[in-house]
Amino acid sequence: ACGNSNKSSSGNGSSETKTPKIGVILPDSKTSARWETADRKFLQQAFDAAGVKADIQNAQGDKTAFQTIADQMITNGATVLMIVNLDSGTGKAVLDKAKSQGVATIDYDRLTLGGGAQYYVSFDNTKVGELQGQGLVKCLADKGAQKPVVAELNGSPTDNNATLFKNGYDSVLKPKYDSGEYVKGPDVAVPDWDNAQAATIFEQMLTQKPDIKGVLAANDGLGNAAITVLKKQKLNGQVPVTGQDATVQGLQNILAGDQCMTVYKAVKKEAQAAADLAISLAKGQKKAVDGKVTDPTTKKDVPSVLLTPVAITKDNVKDVVDDGYVSAADLCTGDFAAKCTAAGIK
Amino acid sequence: MSNIVVTSEQPPVDAGQRPPAGLAAYARNYGARVRGGDMGALPALLGLVVLCVGFGIARPVFFSATNFANLFTQGAAVVAIAMGLVFVLLLGEIDLSAGFASGVCGAVLAVLLTEHHLPWYVAVLAALVTGVVIGTIIGLLVAKVGIPSFVVTLAGFLAFQGVLLLLVNNGTNISVTDPTIKAIDSDGQLPPAVSWVLLILTVVAFAAVRLTRRAGRIKRGLVAEPLSVIILRVGALAVIGGVAVYVLNLERSRNPAVVSLRGVPLVVLILAVIAVLWTFVLSRTAYGRHIYAVGGNREAARRAGINVDRIRISVFVIGSTMAAVGGIIAVSRANSVDPNTGGSNVLLYAVGAAVIGGTSLFGGKGRVIDAVLGGALMAVIENGMGLMGVSAGIKYAFTGAVLLLAAGVDALSRRRAAAAGLR
Amino acid sequence: MSNIVVTSEQPPVDAGQRPPAGLAAYARNYGARVRGGDMGALPALLGLVVLCVGFGIARPVFFSATNFANLFTQGAAVVAIAMGLVFVLLLGEIDLSAGFASGVCGAVLAVLLTEHHLPWYVAVLAALVTGVVIGTIIGLLVAKVGIPSFVVTLAGFLAFQGVLLLLVNNGTNISVTDPTIKAIDSDGQLPPAVSWVLLILTVVAFAAVRLTRRAGRIKRGLVAEPLSVIILRVGALAVIGGVAVYVLNLERSRNPAVVSLRGVPLVVLILAVIAVLWTFVLSRTAYGRHIYAVGGNREAARRAGINVDRIRISVFVIGSTMAAVGGIIAVSRANSVDPNTGGSNVLLYAVGAAVIGGTSLFGGKGRVIDAVLGGALMAVIENGMGLMGVSAGIKYAFTGAVLLLAAGVDALSRRRAAAAGLR
Amino acid sequence: MAATPLLEVRGINKSFGPVQVLRDVDFAIYPGEVTALVGDNGAGKSTLVKCIGGIHPIDSGEYYVEGQPVTVHSPRDAAQLGVEIVYQDLALCDNLDIVQNMFLGRERRNGLVLDEITMEQLATNTLASLSVRTVKSVRQLVASLSGGQRQTVAIAKAVLWNSRVVILDEPTAALGVAQTAQVLELVRRLADTGHAVVLISHNMNDVFAVSDRIAALYLGRMAAQVKATDVTHAQVVELITAGRSGDLGLAPTGAETVNGVQS
Amino acid sequence: MAATPLLEVRGINKSFGPVQVLRDVDFAIYPGEVTALVGDNGAGKSTLVKCIGGIHPIDSGEYYVEGQPVTVHSPRDAAQLGVEIVYQDLALCDNLDIVQNMFLGRERRNGLVLDEITMEQLATNTLASLSVRTVKSVRQLVASLSGGQRQTVAIAKAVLWNSRVVILDEPTAALGVAQTAQVLELVRRLADTGHAVVLISHNMNDVFAVSDRIAALYLGRMAAQVKATDVTHAQVVELITAGRSGDLGLAPTGAETVNGVQS
Ligand SMILES: Nc1ncnc2c1ncn2[C@@H]1O[C@H](COP(=O)(O)OP(=O)(O)OP(=O)(O)O)[C@@H](O)[C@H]1O
Ligand SMILES: Nc1ncnc2c1ncn2[C@@H]1O[C@H](COP(=O)(O)OP(=O)(O)OP(=O)(O)O)[C@@H](O)[C@H]1O
Ligand SMILES: [Mg+2]
Ligand SMILES: [Mg+2]
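Residue numbers (the numbering used here), protein chains in the order written: chain A, 1 to 346; chain B, 1 to 423; chain C, 1 to 423; chain D, 1 to 263; chain E, 1 to 263.
Hints should not be assumed to be uniformly reliable.
Calculated cross-link-like contacts (lysine-lysine; reagent style DSS-like; alpha-carbon spacing at most 25 angstroms) [as the list claims (entries may be wrong)]:
#1 C/Lys365 - D/Lys136
#2 A/Lys143 - A/Lys318
#3 A/Lys299 - C/Lys182
#4 B/Lys182 - A/Lys231
I should point out that these hints are in silico values taken from the structure, not numbers from a laboratory.
Looking at chain A on its own, in the form it has when it is part of the complex (with noise of 0.2 angstroms):
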């Protein structure tokens, strides 16, 4: 062990400049799809097209093996660290340490409280949620609730995202309750963000309260388990259900009229944007960048690059494919063929 040790060191203050390596550690796989299967393509993608290399991780939700991550990234060379927290302590132990050791970094997708990374590129979550309280409500709308019993399926309780969603939508649903508007139904956090615990919280719900008139589901996993059990009653397309993250599973739920909507975000430009920045860093140039986010503990600005969320009905979900983050070819499957057509998409 003690023959390499030199030669690292000594190798590593070369390497910074000679050869731009990125570090990028997702979060999980479980708790959306996206990481695995879009950001991970997108961002390769960006890197591959610009010629640097990349080390893509993920965390696979556990902090412990994030820190291992980022200490194995450190010690590999990388030069510039994105991360897409899964906490802000962890979060800010990791910049931390890679500040010290003279390794750039940018919060992707999610703010480390605190941890002061050079850029902070994500959408707005409290937005998504905002999108879909006001979705809720168009369908409510539409369907001609009167004083709809509103359920909520919470995202993970251990998922600070999950928390931010809420704030937006409860930002909608929160003066519709008070007027007397919608009448607020049981409110429940679904445990890492687990389908088949959802099914069984809410067919509890729906025991409980068999008046459901709608449902705010967190993402599409958790409105595909309230869809699955109104099925049964046949309550399918009668309460508007929401969701996020436009999976395939989703657009096909909205296709056939199970779902109301669901939040497109739109992963590869957030990659892209993301890409850029950490290729120019690992260049060794400061790029300028429009947008500010204030860091609230630390009070400082962090430049930053904000997209923004979509949300996508029956009418839009051709925006979706046209955008190539759904193939046709994944949506258009069996009854669906159909369905694709009827929404114009090819």
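Given the coordinates of chain A, assemble chains B, C, D and E with the ligands onto it according to the supplied hints.
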């Protein structure tokens, strides 16, 4: 065979001690056994009753026909996995991979159905075969290579998680729309008339088996169950089964005009058949006897000429195959697979179901019905907590406390057994 | 005491069989023992070496000073929990709650530090006391009420998950900025000179203990280790320790001007002290002896007048207290607590570490060093896989396969033991 | 000899579930005497000894030591009263070595630390005095011992403590000729130095060779407790197999059903 | 009697790790004869029997049945050759009842289903023939049996099969007077009906009462295998304790170190 030794003029051991034939005496004897601590499934049942009453008081809807049906469909996957784990636990082994193995088998089913458009029976068969293969590999590594089952199945736990992720293309959900698969644990019901016919057939068959056995024993001069006890047992089965079928045949739909929800959920029939099958295997065949022997004293079993390695491999095969069944049920219930299928607490709930039911982690002690009772207990807790609608933190803490309470009822009532010197 | 029986004129049992005093003969005897299958820690070490070489070839940076230091800080929390679990496993019990217990204790630490602004030592003490309390409750439920430890700790697993959620206010996370806490497993190093002094003291103490024991045995006419073997042992400790300290004292910072990273991570010292302490307790005190006795044959221990209940409770206390230590280390490393602290695979990795090291799940067999070795194996796998940079699904599958490989080396080399009739 | 027994139980009843194994058993042990406890297989000898040793809780009955009533709930209580027992199902810890087993629960220490050296030496001497010549090392695990070696370890363990009462449940069953002689000699020596000794054995020669008093159990009832010099070999065998012999033993009624499941 | 032994082992060596327990042991068993295997505690009797039964793999040596060389790797092989053994460490499954233990590995069936009725009846009869009167029910778990009852179950299990070779390792150690007599009678009856029987015992009276041939092991070596009528009681005891007696037994050299750890 025993011509050498049966030359004695002494009476057989049992002679003169033939227990009384009356029901009253039988009940008295049973009472003494219970007081002495030999209670069988009684404590688990007691815990179950306590819980049901508790939840029923807190949320009256707990006792509705809808919720009764929910209970079955919600608990089915865990019960299936737990039944397989009973076999593994009977040998003092453990299968940590059962949860994700069920996920992998479920994913195989879903992929074959949706991406390869195979008919449902081919896909189901493939899922089951996947389970068999997984079990065989685990069994070989444990029995032939000699790695402790904890380590092998911990590796499996990790590896299958990865395989599952790869099968579902790194995190997408695969929807399953096949109506037969969906019928299993989602929307399949037995027509009410069929349920009644099946129940009657079951009760008759049960009575016939018991009566034939009794007749055979009396003919050979052995102690037999009193007739009255058999009547009581058959009666109990008929009454409990009858009530359950009656309730499940009530209309559960909120909108009977649109859709009628009546009848015993299909999954109940499937699990009942499997439970009867495995109970038969464990208690009436030489193979089952050998499982108990290997679990009780592996060396004694080996000396008795039992092929211990084969038994060890076979239980892992049964364990993983039942995990596959659990996976199929889970897919049916969720109408989809995702990387969490079989993950989260599925494994711990399944092992917990078997253990709470009374199966020992040290081998040699356990029955299939344990898994069913323990699984019912877990399902009731989950179901009841769902009705309470509390926040996640409180729900976890409360679930733990309720579990402890149910197990405590069991433990306290078994203490007398220890005091009486029976363990 | 034994005045009654020592009236015989026969020579003591060992007379005439005193093993040879030379190193060569000792080595031959050791060789025969190894061939006979009595290999101690050898297979686990072998697995470790195989893995290290494999990763080192695939990623040369694996053998850098930085990575060597990473290994320690990455594996520390699991090793701490695993050391406590060894005690629980030695009794044939299990503690499924250890992971989340560590999370709860870590959260207590964080809450006291950040919300109540208490000094770090009070917070650490409170976290440890929380561990003691948790262990006592589990122990009482297991030993006095008689609920199987699997069920009690499964309930704990759920309940503590809930408590942790409530402590961190349903999902937010608490940052810890206290410099002392952060030093534990985040940025604390021993000054290089101190490391050398400590190492020398350790080696001298070790040599002194061995030599005194030898002298004592020779004086009483008992078989003693040859001097050459002691020199060899002391030498090995000095060389291995020396190399480790030397490497860890190299500059690891990529940017030495900004921050210097040299010296043995503080957590290594902490764990080493704890490991020595527990090894001493297990192998040199009556309490440790009683743990083995209760784990080997509970009834025999009871008949020997050992207070079995007290031993059973105490191991759960040790287990949960070590979980608290693990929690403190985890908090230090993450600079924060969140609802997942101690969750994910922490529990399975910790139990896996103990079991791979050679601790039996059935009790009576295991050492503290097992947890350290097994934990090192798990840490190397995790660390090496981190360097490989593969996608999530493949990483899981590969981690499982590597784990199996390491355990397989162990199992295959132990097969001779079984063949030789020693198990 | 002595008027008050060192240890006495009266009216002991013990059931396992529905099966009553001991029925109103009285049993007394005197210092300086060897009391042989005999009875057919399954008569309840081991159960009686386990009740005395605190292994099984008794259903009813009294327990006296030196005439004083005491309660015994656990083996620790019995050990504190100076009762040391070698059980038929030896109960050694297979994962511990000979020395560790012999000193289990009563380890010698130097401060906190176990005094392994003293223990090893004492164990070696004690085993040697019991004619054990084939044990390779006192540091061998007991799992690897032969049947007779295990039994010797258990006996050595019990006699190491110089307790007031020593009860041996079939101690010579697995022993060789020389070892059996040593153990019988040891039993006699223990009694001669004032200990109260109970010997359970199916071998009438051994029983008559060392015992002062003979107690015979028959189907869970105490058939008779008599001086060894007052009975013959044949009488004892009759007591064992039929529960009575002449005017000794149980009353003739109901002897056939006392131990069965009552209808 | 018969010229070729029914079962014979030659030059058996067996070590456990560094300890050599059997050294070039030759042993032959003849049909129609009772061969007594005697030796001190730890001499290697049980180990020899376990090697014959396929429990322990042998390090070297040959194994013949009716003069034909065979290989035995597991207890199943031994059972197939018609060798039935009652081991000293009985190895019963405590979680099974008496009937289940007695038929373990050779259950009677009706098609797929176990024929419990036949098994229960056979077990009852066999136990009765061994003078067991205190067992309450053949459906009792063996965990709840007394020491002697367990031993009887193990013996009954072995003799149920009418195997060609029956080996009993200290079968009467825990048995009462009547039961011992029954077992010895059974041993004789087995031999008289043409079986080859091996009896291991420390009781010289029993050995001389039933055996035709006596084999003495001394520290892992076969000291002598002789006709019972050719030796006296005292000679056998000498063979057991010293390895030789007059011109019988081992050569006088090196007998003290054969079994130890060689330096
Ligand atoms: N734990 C138990 N549960 C049920 N019955 C038991 C239990 N222990 C012992 N018995 C029964 O109690 C009776 C007496 O057993 P015990 O061991 O005391 O006999 P024993 O006189 O020592 O016989 P042996 O000479 O064979 O050792 C036996 O019939 C036995 O089956
Ligand atoms: N598994 C083992 N590992 C190590 N040594 C063993 C093992 N089994 C037996 N031995 C040793 O082998 C020797 C012979 O044991 P064995 O059981 O064959 O003796 P035995 O002649 O049957 O004695 P006994 O009359 O006491 O039953 C003993 O010294 C014993 O310690
Ligand atoms: Mg007894
Ligand atoms: Mg033996």
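Results for each hint:
{"no.": "1", "hint": "C/Lys365 - D/Lys136", "verdict": "23 angstroms, holds"}
{"no.": "2", "hint": "A/Lys143 - A/Lys318", "verdict": "23 angstroms, holds"}
{"no.": "3", "hint": "A/Lys299 - C/Lys182", "verdict": "23 angstroms, holds"}
{"no.": "4", "hint": "B/Lys182 - A/Lys231", "verdict": "11 angstroms, holds"}
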